[in-house]
Amino acid sequence: MFKIEVRDVHFWYGNSEVLHRIDLSMAPKTVTALIGPSGCGKSTLLRVLNRMNELIPGSRLSGEVFIDGRSIYTPDVDVYELRKRVGMVFQKPNPFPKSIYENVAFGLRIKGINHRSFIDEKVERTLRQVFLWEEVKDKLHKPALALSGGQQQRLCIARALAVEPSILLMDEPASSLDPISTAKLEELIYELKQTYTIVLVTHNMQQASRTSDRTAFLYKGNLIEYADTATFFTNPSSQSTQDYITGRFRTEG
Amino acid sequence: MNRVFLRLFKAIDAAGDWYDRQRGDGFALYGLVFTLFVVAIVLGLFTYVSIAGFPRLGTRFFTGFASRIPEQAGILPAFLGTLWVMALVFLISFPLGVAAGIHLERYVSQRRLARLLEVNITNLAGIPSIVYGLLGLQFFVRGLALGESILAASLTLSMMVLPLVIVATREALRMVPGSVTEAAYALGATKWQTIWYHALPLAFPGIISGVLLAVTRAIGEAAPLLVIGAVAFVPFVPASVFDYFTVLPVQIFFWATKPQSSFLINASAAILVLLALTLLLNLLAVRIRERWHKRIES
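In order, the protein sequence lines correspond to chains L and C. For the record, in the first sequence the residue sitting at position 58 is 58 according to the working numbering, with numbers rising by one throughout. Offset between the second sequence (1-based) and the working numbering: plus 1000.
The set of hints was computed from the structure by calculation and includes no laboratory data. Among these hints, one or two may not hold up.
[As the list claims (entries may be wrong)] Derived coverage of chain L by chain C (criterion: at least 3 residues anywhere in the stretch with Cβ under 8 Å from a Cβ of chain C; other residues may be distant):
1) 44–58
2) 61–73
3) 77–84
4) 115–129
Values in this document were obtained by computation on a predicted structure and should not be read as measured data. All C-beta atoms in this analysis are idealised placements derived from N, C-alpha and C, irrespective of residue type, glycine included.
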């Protein structure tokens, strides 16, 4: 059974349709990379999966999205509970302007958990999960914004993991990081795959091929190709995918 | 008359031009002239009041009640009245204004309604204070039968400064980075949790400094309080919010309008006290705002 199923999804911002008839499914504990030129709709598609798109006034969706076999766009779905199950990491590291500890603890606090030792333990566990514990264990109560970009991004992942999601959405998580931080992040993605289903938006094709099991190519709101990453990069079935991954792509207009 | 102005403008223009060629920065001259002008006026007034009022600032002045003899008259009831009003305006306008600000900034989703409310609140901020006095007289003093009390006065002044608090709250909330709000939503926080845990703490110093400025404005007002019945002679220390009252600006007004010129000394001294109080509040507001900017930027 699929973890995530996107069926016949169209999406509009106001009158402009930015996603056309998207169908794709993702198996549990896999990494799916979404690639494509800027403005192709890959970030929008990502945000369809945790209903973050709804925060933009005038947006509209048709079609259906299933997570664990249940539609997430029916009226009885609690969107806040949904977002707790579908964590998200943003393009630019965006820790709260609070301490490192409070960043991770926030997810627990909004779940109504206030038990001190439980939170302490959870903070340590999630920080270990993202390989940040050794670096920050002596300054847990220092501002998170004093960390380096790469550390901040891993903190943001820890913050998302503390809520105990089963899916992790990542929107170009490495785009503002240096090569070493990026390598660490990719390693981390590989580790996280053992537990979580990951959807990764990226501009970087090497990153897609290194980290993902399946890759989807979007162009102008259409899903052009969706295949096993190995097949996708070595033997794509569509000409425009071929052009895009070899860098011969021309955006007309 | 028009020709005179035209000449004056041309002369200023020529002077700026000349200065421009000499020093390469013509507007600096205008700026300097007008700045000095404003500073000179304020300093002049302050010096005048200080010279006139300073000798009167003694123990008797701070502990005395109103009197027909200027040398024996004091500001104790007025000073305490102002402190009461200050505290009450803070306690009333803070929760009301902040709640309204949060609602307008984060909860009103219809753009047209938000626009309508915004225009109205901006207009409210521009209404002359005496109109609020009349509103207070009819609604609080008579309608709610609060009488000519500290409470009625504080409610009236709170209504008057509410727009300032609302605007300050909205501005402070708007300064909260969108990425913070987005991050909280993505973790499954509700709108209220996002506001309570993240937006408000970040906006709080901005809100507080806005409220303090509003309170400063309120304690300087005499007109609306005269309308709702502040009295010149309060022969006791106000002990509850339902007591008759007077406040510093009203006391100043009564003293300044007395025929005997030695009451002007009392008025000047009371002005110094009021100035010190407002300056203190302003400094507090500035301090809080500076700390806030540091926090947002770090």
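Hint check:
no.: 1; hint: 44–58; result: holds (count 4)
no.: 2; hint: 61–73; result: violated (count 0)
no.: 3; hint: 77–84; result: holds (count 5)
no.: 4; hint: 115–129; result: violated (count 0)
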